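A.B. asks: From just these sequences and the hints, can you work out the full model?
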Amino acid sequence: MIRVANLYKSFHSQIVLNGVNIEFATGKITTIVGTSGCGKTVLLKHLNALLLPDKGEVFVDSVDITKLGQKDLYRIRSKFGVLFQGAALLDSMTVFDNVAFPLREKTRASESAINKKVPERLEQVGLGAMGHKFPAELSGGMKKRAGLARALIMDPEIVLFDEPTTGLDPVLATSIHQLIVRTQADFGFTGIVVSHTIPQVFDISDYVAMLANGVVEEVTPPEIFRASQNPVVQQFIQGKTEGPIQVL
Amino acid sequence: MVSLLGRIGRVALDQIAGMGRLLLFLVAAVFQAFRPPAKIHLIIYHIKTIGVDSLSVVVLSGFFTGMVMGFQGYYSLRKFNAESWLGSATALGLLRELGPVLSAFMVTGRTGSAMAAELGTMRATEQIDALYSMAINPIKYLVSPRIIASLIAMPLLTAIFNVIGIFGAYVVGVGILGVSSGSFFSGMENSVVFHDVYSGVVKSVCFGLIITWICCYKGFNAPPMATGVSQATTESVVLSFVLILVWDYFLTSIML
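If you read the sequences in order, they're chains A and B.
For my numbering, add 2 to where a residue sits in the first sequence, where the first one is 1.
For my numbering, add 122 to where a residue sits in the second sequence, where the first one is 1.
A couple of the hints might just be wrong.
Cβ pair distances, simulated, as ranges [to be verified]:
(1) A:Gln202 to B:Ser352: 31 to 41 Å
(2) B:Ile166 to A:Gly29: 55 to 65 Å
(3) B:Leu146 to A:Asp63: 22 to 32 Å
(4) A:Met3 to B:Ala348: 33 to 43 Å
(5) B:Ala134 to A:Lys30: 27 to 37 Å
(6) A:Asp63 to B:Gly131: 40 to 50 Å
(7) A:Gly71 to B:His163: 21 to 31 Å
(8) B:Asp136 to A:Ala138: 32 to 42 Å
(9) B:Pro345 to A:Lys57: 40 to 50 Å
(10) B:Asp136 to A:Gln202: 23 to 33 Å
25 Å max Cα-Cα, derived DSS-like pairs, lysine-lysine [claimed, not checked]:
(11) A:Lys119 to A:Lys81
(12) A:Lys69 to A:Lys108
(13) A:Lys81 to A:Lys30
(14) A:Lys81 to A:Lys118
(15) A:Lys108 to B:Lys262
(16) B:Lys262 to A:Lys81
(17) A:Lys73 to A:Lys30
(18) B:Lys161 to A:Lys73
(19) A:Lys119 to A:Lys135
(20) A:Lys73 to A:Lys57
(21) A:Lys108 to A:Lys73
(22) A:Lys135 to A:Lys118
(23) A:Lys108 to A:Lys118
(24) A:Lys119 to A:Lys108
(25) A:Lys81 to A:Lys69
(26) A:Lys135 to A:Lys108
(27) A:Lys57 to A:Lys81
(28) B:Lys161 to A:Lys108
(29) B:Lys262 to B:Lys170
(30) A:Lys135 to B:Lys201
(31) A:Lys73 to B:Lys262
(32) A:Lys119 to B:Lys161
(33) B:Lys262 to B:Lys161
(34) B:Lys262 to A:Lys69
Which residues of chain A face chain B? A partial, calculated answer using Cβ under 10 Å [unchecked claim]:
(35) Phe82
(36) Gln87
(37) Pro104
(38) Ala153
(39) Thr222
These are computed hints drawn from the structure, not numbers from a lab.
For clarity, every value in this text was computed on a predicted model and none was experimentally measured.
In this text, a Cβ means the ideal position worked out from N, Cα and C, and glycines have one as well.
C.D. replies: Shown next as structure tokens:
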């Protein structure tokens with residue numbers, strides 16, 4: 003279970019997170035929505051301590067990870083898989099080696115075990131025949147799939163998705179959404195998705211959290227979220243420029 | 123006046139903090155280099171990128187440096203009727219000074235800048251964050267192997283630079299200017315002692331450390347944008363050049 007309590011983060015004089023409180027349900031998909039630049043990715047990067055807060059706590063299985071030393075932090079990070087916005091595949095390696103990378107670096111798995119597990123994961127994300135290609139040879143959607151295969155290779159308890167469909171056409175975006183739902187059903191991980199593609203994300207989410215003006219305004223199931231009377235939520239859903247959300 | 127002093131103080135504190143970060147980065151890289159498991163395959167790969175891939179530029183620059191030394195040395199020594207000392211002068215100049223410094227400059231331009239650009243791009247495209255998120259220490263994976271590789275490759279490159287440089291001077295001195303081949307080599311044999319070779323090796327090891335330390339630090343901490351990468355690359359080359367020359371002065375004064 004992940005719980006964020008009173009999280010504050012500023013970059014120089016710009017306040018990004020201004021007292022965020024949120025709890026992510028175990029084994030469910032929670033999508034954090036909000037306008038571009040509202041701090042969704044910053045919040046996501048606090049969940050596995052890629053960023054540290056100015057103030058506040060992040061609890062992963064009741065452990066405040068903001069206070070951990072490097073060794074314990076690496077142990078906690080092993081629970082996570084992350085799909086980055088640009089997939090963040092290592093340029094110098096093939097897709098196969100990228101997916102195999104955490105196994106080779108973090109486990110004592112034999113090459114024969116790796117040669118069995120990696121193709122399985124690649125097959126699950128629809129990249130069965132792409133293992134020999136380098137990231138530069140892949141399309142945007144393929145990179146995201148390869149990134150997802152890498153994120154899932156260590157069977158993580160929690161998977162973070164940073165804007166998984168940004169830059170993709172609607173068809174590819176839908177396929178990635180379906181992939182997230184399918185893999186979550188297969189592996190049972192806690193999924194935390196950062197996105198601003200509504201209403202599509204409502205179809206994949208168990209909960210939707212609205213981040214605006216540095217705080218989480220609301221965390222509810224999608225159907226309640228749609229009908230919310232919160233003016234911030236309604237402004238975001240309807241895409242209006244006038245309202246409580248400050249448009250930069 | 124107070125605000126001016128405040129600004130100067132802030133700049134000074136920023137500089138001191140920056141130097142502290144630079145030093146801590148090196149400490150972390152050295153610490154990780156000694157922590158198992160050793161990344162032998164990465165060290166070998168980086169010996170290739172630092173050493174083998176820089177070989178052509180080092181050979182070329184060494185040959186022309188040696189030829190220029192042949193001409194200039196001959197011109198100077200002739201004024202004292204000491205042309206026969208050309209081999210000695212060239213060898214000492216190359217082994218003690220020009221070999222380590224110029225090959226370090228070549229490696230900085232050829233490999234150091236590429237290191238900074240590669241790590242800067244990895245920062246900008248979240249590849250370094252990806253390593254952190256996979257619970258892999260990016261300093262151990264990206265920086266320590268490069269530092270170890272440079273400590274091995276730089277003395278070898280410098281040795282090759284020296285040999286080719288001496289050959290260049292031989293071609294000019296003996297082949298073009300008519301210095302006797304015997305006096306060229308006997309002068310060298312009489313004047314070059316182990317300490318001359320040793321001081322050049324020490325310098326080349328130190329310069330190798332400086333190049334990878336500075337270039338990796340600048341790339342690793344590059345602002346995550348295109349201009350950030352280019353700025354990091356430029357700064358890494360300039361700072362490496364300056365530190366090589368400053369450190370060269372101190373080493374020369376200690377090991378003279």
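A.B. asks: None of the hints should be skipped; say for each whether it holds.
C.D. replies: Here is how each hint holds up against the structure:
1. Checking the proposed 31 to 41 Å range against glutamine 202 (chain A) and serine 352 (chain B) shows it holds: the Cβ atoms sit about 37 Å from each other.
2. The hinted range of 55 to 65 Å is not satisfied by isoleucine 166 (chain B) and glycine 29 (chain A), whose Cβ atoms lie roughly 44 Å apart.
3. Distance hint check for leucine 146 (chain B) and aspartate 63 (chain A): the Cβ-Cβ separation is about 31 Å, which falls inside the suggested range of 22 to 32 Å.
4. At roughly 40 Å, the beta carbons of methionine 3 (chain A) and alanine 348 (chain B) sit within the given window of 33 to 43 Å.
5. Here the CB-CB span from alanine 134 (chain B) to lysine 30 (chain A) is close to 52 Å, at odds with the stated 27 to 37 Å.
6. Taking 40 to 50 Å as the suggested C-beta distance range, the pair aspartate 63 (chain A) and glycine 131 (chain B) conforms, at roughly 45 Å.
7. Against the hinted window of 21 to 31 Å, the Cβ-Cβ separation of glycine 71 (chain A) and histidine 163 (chain B) comes to about 29 Å, which satisfies the hint.
8. Separated by about 38 Å at the C-beta atoms, aspartate 136 (chain B) and alanine 138 (chain A) satisfy the suggested range of 32 to 42 Å.
9. Roughly 25 Å separates the CB atoms of proline 345 (chain B) and lysine 57 (chain A), a value that falls outside the hinted 40 to 50 Å.
10. For the hinted restraint 23 to 33 Å between aspartate 136 (chain B) and glutamine 202 (chain A), the CB-CB distance of approximately 45 Å leaves it violated.
11. The suggested pairing of lysine 119 (chain A) with lysine 81 (chain A) holds, with an alpha-carbon distance near 18 Å, which does not exceed 25 Å.
12. For a cut-off of 25 Å, the pair hint linking lysine 69 (chain A) to lysine 108 (chain A) stands: about 23 Å separates their Cα positions.
13. With a C-alpha separation of about 15 Å, the suggested pair lysine 81 (chain A) and lysine 30 (chain A) falls inside the 25 Å cut-off, and the hint holds.
14. A C-alpha spacing of about 22 Å is found between lysine 81 (chain A) and lysine 118 (chain A), which places the hinted pair at or below 25 Å, so the restraint holds.
15. Simply put, lysine 108 (chain A) and lysine 262 (chain B) have alpha-carbon atoms about 13 Å apart, close enough for the 25 Å limit, and the pair holds.
16. For the suggested pair lysine 262 (chain B) and lysine 81 (chain A), the alpha carbons sit about 21 Å apart, so the restraint of at most 25 Å is met.
17. Restraint check for lysine 73 (chain A) and lysine 30 (chain A): not satisfied, since their Cα atoms lie roughly 28 Å apart, outside the 25 Å limit.
18. Annotation: proposed proximity of lysine 161 (chain B) to lysine 73 (chain A) holds, straight-line Cα distance about 19 Å (limit 25 Å).
19. With a C-alpha separation of about 18 Å, the suggested pairing of lysine 119 (chain A) with lysine 135 (chain A) holds against the 25 Å cut-off.
20. Restraint check for lysine 73 (chain A) and lysine 57 (chain A): the C-alpha separation of about 22 Å stays at or below 25 Å, so the hint holds.
21. Between lysine 108 (chain A) and lysine 73 (chain A) the CA atoms are separated by roughly 13 Å; this keeps the pair inside 25 Å, and the hint holds.
22. Distance check on the hinted pair: lysine 135 (chain A) and lysine 118 (chain A) sit about 18 Å apart at the alpha-carbon level, within 25 Å; holds.
23. Restraint check: the Cα-Cα separation between lysine 108 (chain A) and lysine 118 (chain A) comes to about 17 Å, which is no more than 25 Å; the hinted pair holds.
24. For the suggested pair lysine 119 (chain A) and lysine 108 (chain A), the alpha carbons sit about 15 Å apart, so the restraint of at most 25 Å is met.
25. A distance of roughly 17 Å separates the Cα atoms of lysine 81 (chain A) and lysine 69 (chain A); the hinted pair therefore holds under the 25 Å criterion.
26. Our distance criterion of 25 Å between C-alpha atoms is met by lysine 135 (chain A) and lysine 108 (chain A), whose separation comes to about 23 Å.
27. Among the hinted pairs, lysine 57 (chain A) with lysine 81 (chain A) is consistent with the structure: their alpha-carbon atoms are about 24 Å apart, no more than 25 Å.
28. For the hint pairing lysine 161 (chain B) with lysine 108 (chain A), the CA-to-CA distance comes to about 13 Å; that is within 25 Å, so the pair holds.
29. Distance check on the hinted pair: lysine 262 (chain B) and lysine 170 (chain B) sit about 19 Å apart at the alpha-carbon level, within 25 Å; holds.
30. Annotation: proposed proximity of lysine 135 (chain A) to lysine 201 (chain B) is violated, straight-line Cα distance about 65 Å (limit 25 Å).
31. Distance check on the hinted pair: lysine 73 (chain A) and lysine 262 (chain B) sit about 14 Å apart at the alpha-carbon level, within 25 Å; holds.
32. Of the supplied pair hints, the one linking lysine 119 (chain A) and lysine 161 (chain B) holds, its CA atoms being roughly 24 Å apart against a limit of 25 Å.
33. Proposed proximity of lysine 262 (chain B) and lysine 161 (chain B) is supported: the alpha carbons are some 8 Å apart, at most 25 Å.
34. Distance check on the hinted pair: lysine 262 (chain B) and lysine 69 (chain A) sit about 23 Å apart at the alpha-carbon level, within 25 Å; holds.
35. Using the Cβ-Cβ criterion of 10 Å, the hint placing phenylalanine 82 (chain A) at the interface with chain B is satisfied: the shortest such distance is roughly 6 Å.
36. The restraint placing glutamine 87 (chain A) at the interface with chain B holds, with a minimum CB-CB distance near 7 Å, inside the 10 Å limit.
37. Taking 10 Å as the C-beta contact cut-off toward chain B, the hint placing proline 104 (chain A) at the interface holds, the least distance being around 5 Å.
38. Interface restraint check for alanine 153 (chain A): the shortest CB-CB distance to chain B comes to about 9 Å, inside 10 Å, so the restraint holds.
39. Residue-level restraint check for threonine 222 (chain A) is violated (minimum Cβ-Cβ distance to chain B is 28 Å; threshold 10 Å).
Violated hints, listed in ascending order, are 2, 5, 9, 10, 17, 30, 39; each of the other numbered hints is respected by the structure.
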